[in-house]
Every structure is written in C-alpha cells, then in structure tokens.
Amino acid sequence: MAESIAVSVMNTLPRHITGKGKAPLVRAVKMATRPSLAKNFFTPIPRHTRGQMPAEQPMDSVLDYRAWAYPISKQFLWSEDGSMRSLLLAELLPVPTQPAGRRVRKTSQSSRIRSRKISSLSCPVDRSTFSTSASLQTSLKPRPHIPLAHQTTSEVELKPSLAKFQDYLQSRAKSKRDLESLQALYETTKDEGAFSSLAPHETLQLANDLANFIDHLCADQVFPEIIKDWGLRMQELLESLPSGSTSAPHDDPFKESLFSRASSYIGDFYKAEEILRKLPPESKKRWSDDLDPYQSAFLSYILSFSRHEDLYHSLHYAFVLRQHYHSSISSNTLFRNMISQSLSILDVFPLASKWNNSAYNRMVNEMILSCNYCKAFDKSLEIIEHQISKSMDVASNLMLRTSQGLALAGNIEGAQRLFDIVPPMETPSYNRVKLVLKSRGGDHVAAESLVAERVGTTASDREISDVLYPLAERGLTKEVEAAFDRYFPIGPHGQRTRKPNIYHYTIFVQAHARKGDVHGIGALLEDMRLCEVEPNIELMTNIISIYRKKGDVVGALNTYQYMRKIGLSLDCVVYTVIIALLASVKDSESATQVYMHAIEDGLIPDDRMTNALMNAYVETGTLKEAVAIFHHLTSLDADLLPPIDTFNTILKGYVLVGAPFRLISKLFFKLQKIGAKPNTYTFSTLVLSATDAGELDIAHGIYEEMKTLENDGQANLISEHVLTILMSAYLNRRKMEKAKEILDEMTERGHPPTPVTYRAIIASYGGRAHWEENMQVAEEFVKKVQLEEYADKNYQKRPSLVHFYGPLIIQYCNKGNITEVERLYSDYLDAGGEPTIVLLEHLLRCYCHTNDVTNVMAVWQIIRELAESETIEDGLKPGKPMETPFARIHFALSMYLDIMSRSGLHAEVASAWSELQRRGFEFDSHNWNHLIVALVRAGQIEHAFEVVESILLPRGRESLEAFDEIRSKDTSEVGAKLDIVNTIKPPTTEPPLRDRKKRAQITDSDKLLRLRQITLVEDDDAIDADFSYPLQILQIISPQWNTWRPHVVVLRTLLVVVLQMQRGYPIRPIKPGEIFTDNVSGSEMTEQDFDTADTMLQTLYTKYPETSMRVRNFQAKEAQRLSPQKFDKIYLRR
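Throughout the sequence shown, residue numbering follows the numbering used here, covering 33 to 1166 in sequence.
These are computed hints drawn from the structure, not numbers from a lab. Quantities reported herein were computed from a predicted structural model and do not represent experimental measurements. Where hints are given, some of them may not hold.
[What the hints assert, rightly or not] Distance condition first, Cα-Cα at most 20 Å in a straight line; then the derived DMTMM-like pairs of lysine to aspartate or glutamate:
hint	residue 1	residue 2
1	K698	D1052
2	K816	E805
3	K582	E564
4	K1158	D1110
5	K705	E737
6	K1161	E1150
7	K422	E398
8	K191	E212
9	K208	E657
10	K208	E224
11	K618	E897
12	K739	D729
13	K739	E773
14	K909	D633
15	K510	D475
16	K1135	E981
Produce the entire structure from the sequences given, and follow the hints as far as they go.
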C-alpha cells in the first residue's frame, strides 16, 4: 500500500508540472448560492428581491485591494458628444488624486546631463487617436506591446527592410525600443540601397510618412536631439532625389513643404522659414483637419520649435509672428497635444504678458481649449486660476466647460472651486454644470431638487441620468428602481409611458455593479426589450464588472461571448475589465490570452489595458514580463511626467518580492526626483513597506507628511487603505492607543472601514489578556457591526461575512477549540456566507490538531472541489476552450499529507498527491518537505532521499549558482550592472509574498548583506538608468533564496533513519494507530536485519551522495550543539 506513494510521486521528480486540468468546478458543496451567468442568463425573469451579500475571499494584505488593477487616472467621462463610459469607469476606478498617463524620461548617461524645469502639472491624455486624417497628415496609433512569450518570428520579419521600415512609420513610437528598432531598419534599408531605388514620387511619399512620424515625436515631447537625428535622416532621404526631379517651389509645394519640415526638425528654422514664406497657403480654414502643404510645414515648424526652444517661443511664433495663420492648425490634435503635454505651461504667461491683449487672450483661450480637448482639465484649472490671480478675465463658457470636465473626471473639489468663480446666471450651460456637480458629488437629494425646481419643464433624459447617478454609485438598487419608475412610470398596460434610453439602463446596471449583485439584471433586460432599447457596450461592460467584483470568471466570459454574439464592437475597457478579473484570481496566463486576442482582433491596447496586464504579471510573480511592459510604458526619451499608475504597479512588485524598506524608500525618492507626483497608492506602498520592516515611527512620519501635502493642496492623499495599514501595524504591536487614534481619524475623515480594517480590529481581541472574555466581546462586536453595516444602504461600506467571521474562527482554531470553530462556521453559513478555501483551511487545521481523520477527509474533499479549475468551452472564441486557474491549496495539502501519513493512511497520501500531479498542480517547497516525511512514515526511504536529491537541493542550488555568477561579473560600470539582468538566467521564481508576517521575515536587508549584494541592488547610478533594475536583480538574488531546502524536521527525520539502519533496523511503514517518534516507526529486537539495512544504506550513499552529505553535516552540527547524553537520547535510545 505504501509503495503506491512512490509510484505516484516519481513522475514529478525531474520537473515541475505547469499544465492545467480539465475537470469542472464542483459547486454542489456551497451552502449559499452564488449566481453565475449561465446559458439562460439573458432570459427575462421577474424582478428579484435583494438577497444576501456574497462572500468574498479575505484579503491577506492591503496590496490586494481591487484598485491596484487599474490606473487611478480617469478618462473624460460623460462627454456631451460621447457615450457614458463613466458608469463602468466609476466602478473600476477610485477617485483620482492625480491624473496620469505620462511616460517618464529615460535617464540615460547622456540625457541626465540635461536639466529641464518640471512643473507640478499633470494630466490624463488619450494619445491613441488623432483627428487629423489627410493625405499629408496621418493619425498614428502606438505599436502594442507584445508579451515576451508571444514574441516569435512571423511573416512580418520576412519582409524586405524597406517594407518593414514603411510599416514602422505607420505607428507612433511608444518606447525607446521602438525608436531603436526603427533606426536599425533605416540603416539596414539604406545599406541595402533600397532608398536610392525608389521613384521620386515614392521617395516623397516615404519622406512625408517620416515627417508625420516625427511630428508625433514632437507632440509627444521627445528629446530635441532625437528629433534632430530623425530630421537629418529625412533630409538625407530628400537629398537622394535625382537632381533632375527638383523643381521650383511654386511648381511643387508638396516637395518644398517636406524640405521645410526637415529643416525645422534639425533646428534650422531660418531655412525652414525661408521656404515657408515662399509656399502659398492654400487654405486658412480653422476647423479643417485636411492640412495642405503650407499648413503641414507650418505645423511642423511650431512643433519642432517647441522642442528645440520651448513652448513659449513656439506659441509666440504662432500667435504673434504668424497670427494670421495659426488658426489653420489650432484645432489640430498634434498642436493640442503639444500644449497639453508640455511641462512648462505656466512658464509661458509671465513672458507672454508683454503681448498685445488680443494675441494674449487668443493664446489663453487656445491653451484652455487644448487642455480640455485632451482631457487635461487639471491643467486647464491651473491656467484659469493663474489668470484669475492676475485679475485677468476668462470666458465663462470655458470655466463652465472645465468645471464640468473636472467633476466628471472625479475632481469635485476643484470643479466646485472653479464653479464658484463663475458669476451666477440663468443659462442652460450654467444650470447643467450645477446639476453635474451635485450629481457627481453624491448629493442625490440636491440633484433631484434642482431638477424639480425647473417649473413648467419636464426633466430631460440627461437630467434624469444625473439624478440616478449618485444612487447608482452607492449601489442602492432599490432606490434607483424607485426613481426609475418615478421618471419612467409604467402605464396600465404594462408599458412605460416615457421611454428610457440606454444610458438610463446603464446607470441601473451600474448600481448592481457597485453592489456586486447579479439579481435583477434579467428583469432589467426584459424591461429593455419591452422598451425596444438595445444593449450597448457600456451596459454589457457593467455586467462584466459585476462578475469581476464577484471573482466569477465564467460569468464574465459568458457575458463577453454574448457581446460578440450580438455584434457589439469591443473596446479596450471591456478587455481591461476581464484582464483585471483574471489578475485578481492570479491567472496571468489567461490574462495574456485575452490581451493577445484583443490584438488579433485589431484592437490597439491603451495604457490602462497594458497596465492591467502588467498588474496580472505582478500578481503572479511573472516579473520578467512585468518589467518588459514597464519598459514599454516608460522608456521613451521624452520630457513627460512619469506615469504614476505604472510606477505604482512596479512598486507593488517590489513589495511582493520582498524588497527591503531601504530600497523602497530610495525608489520613492527617485520617483520624486524625476518629477512624478506620488498619489495615495504610492504612499500606501511606502507605508506598507515601512510597517513590514517594523519601522512604525517612520511609517507615522510618512503619514504626517501626507497630511502636510494635503493641507498644501494635494487632494485625496490619505485614504482608508493608508489608515488601515497604520492601524493594523499598531494593533500587531499591541499599541492600542495609537491604533484607536488612527481609527478615530478614519472616522473623522469620513473614510468607511475596509474589510482589512474590520479583520484587524476583530483579530486584535485575540492577543489580549482575559482571552475568553475578549473573544465574547469580539463576537458581540461582529454581530453589532454586521447589523449596522447591513442597515447602512451604502453597499460600498459593506465588507463580506468572511471578514467578520474569519478572525474569530482563526482565534478559536489557534486555541484548538473545535466546538467553537464549528459553531462559528455554522453561524457564518447561516448568515449567508459561502464556503471559502481560507476558512476551510482553518477548519481542516483544527481537525488535524484533534486527529479527527474522518472530518479531515471530508473537509479536504470540499477544498479540492472548490480549488478545481473549470473548463469554459467557449472562452475567448467559439470552439476554443479556456480554463480557470487551479486555486493555491498548498497549506491545506501539507496539513492533509501530515495527518494522513501520521494516521498510517499512506494510500490516501498517494491518491491525493497523484491526483494533484495529474491536474498540473505546482507543489511548493513545503509540500515537498511534507512529502519526504510522509514517504519516511510509509517506509519509502530511498524515494524520500530521491526527493531531496532531485527536487529540493537542485532548486536551492539555482540561487547559489546565480550568486556565484554575479560575483564573477565586473560590475564597476553602470552598463555592466545593467547587462547582468540580460546575461544571467534568474532562478525559478517564488510566489509573491502576500502574507505580512512572511514579508516581515523576508524584507530584513541583512539577508542581502550576508550575501554581500545589497550594494549591487541599491546602486544609485543603475537605478537612475533603469527604475526596474533592482527588481530584476532581486529575481536573481531573491530575498527568498533559501526557500528550497530540506527543513530541520526533514534532516532530523533522515538522520534518525540513517542511525537506525546503522544499528541494523530497516525502516518499516507506520501502522494505523501506532505511536512513533520523529516520524520513524519503532523497531523490536526481532526486526533487526543488518544485511537489509546495510544494503539500503549503501544504496543511499551511492545514489544520493549530496543528500547523504547534508545528513552527515547535520549530524555533526547536532553533535556539537548537544551533549553526548542528550544526542543519544534524541537520536539513538528509541
């Protein structure tokens, strides 16, 4: 029977299985239903009453909160001429503290010499599309990032160099790698003589494509030396034209326009101006996106001037020197991007104040219009406030437009501040903005009152949307339904007397999305059918968001398939929601499939979607892929503010890999140095790292600095997440008064306690004196808060039941009180909670402590069923199945192996291990150590040694070999340090450190100091060159480097085995009910067999020399540590 363990295990020794299983998820064990989007989901059903809130997996740390999956910067919401994308974005994203979307200037050795003034302005800019669409000006979309695992040689690589160069010019440069690839293609094409073989008109068209490409570089604030280099290449291309093809400027304005543009790019503005003066302007239409040769040359001149000089000189040329022509390109998207992305907008006004009033006012208006057009409302606000501070007038319509944009983007405080400046007026635009402010500020009563005050008028569709919105934001489905029926009453024949539009229904679904409740969606869809309203992409994306919040991959993908079936054109937001869901369930493989499927469908992922994929890689510890995305989003050599969302994600990766606090703080200051504006998530990471390191005083000092910054005007820095991190740290250190102060501040600031807050408070009762009395108080607290929270109609404040009962169950489990654990678990289920692996693991642990084998087996079966992956027949495409990830049940598996082998049920051990091995489960080091002990208990000594020799020791050697390879490298130069990550293969990565206690143990920098590598990791010059450099080094010299090793209990067990066989006693399997010591069965004198024992010893010494040496070394250490009498008592007198 015991032999079957070895048979089932041996196939796993040479490698680690990564495949996935095919069995469906067993849900029959759940005591409470969790609706999934089944095949009949879209079948109309009657309205359903509100049910219990679904249980969610508890969050082990603040790093798990959902907002990490998304950038905090919102795009423009609910534009007057656009769809109401705000509904789903509001569900996805928290209130922004600082718009992002910027790329960081790559601090290479040469570029660091240059010094540029950076203002505090920041804005979200959507640069994925451009309005210019003409023969001379072509809108360019960025090249998408392709994950490393999918970067293979394709048919494109087989194209001639010229064709590939032409293809590259049709995409906007997104990263430094894009420019390097394009430069290499240019040099290759030139060396092949392909340029000289082109016909004159082909050369001109190629030069025009190159000019458009360079215009985008200018608008994207790329360094002037790069602009100049590409201008020289363009000039070289034009000079290759045959001399006979040259004609006078008036004969070929297109060609002369290209010569003028090339001169502008290289900084020869005198020559560019000379050609420009000779070009006849064909059109001066302000709103024309079809640029003629003159306009194209004029635009290139202005864009180039802003890079070689500065924004002021560029605008001075456009609004003063050439004021009669600037209107022809002022509405051009590149011109607007140039303004909105500039870091020196406020520097323009002191110099421009000397202009005549007409030119100055036109410039101010154009700057505000440009920033608003690019959704950079914060910049517009700064411009307007600057003007007001100088007692200069700003048009009311511009202020109202900016105020509305700020409100829809989430900056309610700034929007209200600006609105208060506008003189009251009775105009539709003023009343519209006033209503939007009340709606987005969450004041439902005030919003409805404003609508009701309109005497003699019926509420418009847009006004109704504004009234419904604050209710939906709070997840108040009943209240939204009542208001919906009030504005769109149902007549006597069951038909609504007024027809709602799709945006009203989308708000209704948004309420369900905020609540995380799928009940009632079917009835809502039936109502839409009766009103003949077709679902749109925003509504369906909100339905996907419901399943994202519930962690239901199957429901989300079924909705996705339904959207494709009804012909909806999917966009980046849909894919971002799905990728974020897959990131939350730690399935980066499927997230990559979704991402690549979007690209195959012709979609260009935007920064949010790409950042969501990066977060999925960080969540699963796939750091090489995460770093590749980080470089894609940040490496362009340009004067842009760093994209704080992307940096937050990579900082999260640092924390999860176990980086010491000293490194995290250095990276934080580096962010500030390069001009980034840390937001609440950046500070959360810093505070969390400080508390992990036990530096509570420093963490509190950071918090005080955040308060200072808020007082200085940086809004929304202090969130419930930061406060919860601090409070939890104080509770863990038993500093109750400090924790109470933080909790009071949380209440005063109006921040609702998070699930982690509740867990920390409840768990703190278990560490005090008078344990039983405190646990009674804790349980009463749970019941009281639960009632209060469910009485509160704000669903955003409601933590799931698992956060209430989990800490109580854990405390009683630690005490071994199985009766109370079972009672609390029953109460949890009765309250509407669903079985979760985390709670069941503690129940399993309690049964293990009491040797209740029957219940252990029953609970293990439930855990297995909950953990099982599920095959989705039509995942992303019909006929292409997709599988959900197998849950991480390593802790439960180790406990199960221990209790089963301890009880002599070796066949159960073999069955469990082999089943998981077939399902592709990746065993961790603890599982392998428990298996070794189980093999010894089963009498399979040789196979126990084989596991050590073939699994644990080789994996442990990977890190040591990487250390030795690093020591052999010359790291005196920065370039050599950066090359390390490309020349040394990192060891197999460990799962991210989500547990706070494990992080606290790992993040001690002494671990790296003992390896004499801390200076390499924290090298300032290398960090200046690549912000992700330390993260790549930490993959090679991981703080978890000593994870894969035989544990002390394993070495002690193997030593007992060797010593017992040296005395002539073969090791036999432990029998059910047998009492044993040190995991080895006792032996009678009659069982002594020197021949058998000696044969086994010689086999072990011969086949497993490294393991045998490790056991002998352990024996020597034990003999030195213990007295001879104590050593004999522990290891020999059995």
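So, going through the hints one by one against the coordinates:
{"no.": "1", "hint": "K698 x D1052", "in the structure": "holds (9 Å)"}
{"no.": "2", "hint": "K816 x E805", "in the structure": "holds (17 Å)"}
{"no.": "3", "hint": "K582 x E564", "in the structure": "violated (30 Å)"}
{"no.": "4", "hint": "K1158 x D1110", "in the structure": "holds (15 Å)"}
{"no.": "5", "hint": "K705 x E737", "in the structure": "holds (17 Å)"}
{"no.": "6", "hint": "K1161 x E1150", "in the structure": "holds (12 Å)"}
{"no.": "7", "hint": "K422 x E398", "in the structure": "holds (18 Å)"}
{"no.": "8", "hint": "K191 x E212", "in the structure": "holds (18 Å)"}
{"no.": "9", "hint": "K208 x E657", "in the structure": "holds (17 Å)"}
{"no.": "10", "hint": "K208 x E224", "in the structure": "violated (24 Å)"}
{"no.": "11", "hint": "K618 x E897", "in the structure": "holds (18 Å)"}
{"no.": "12", "hint": "K739 x D729", "in the structure": "holds (15 Å)"}
{"no.": "13", "hint": "K739 x E773", "in the structure": "holds (15 Å)"}
{"no.": "14", "hint": "K909 x D633", "in the structure": "holds (11 Å)"}
{"no.": "15", "hint": "K510 x D475", "in the structure": "holds (17 Å)"}
{"no.": "16", "hint": "K1135 x E981", "in the structure": "holds (9 Å)"}
When each numbered hint is compared with the structure, violations occur for hints 3, 10.
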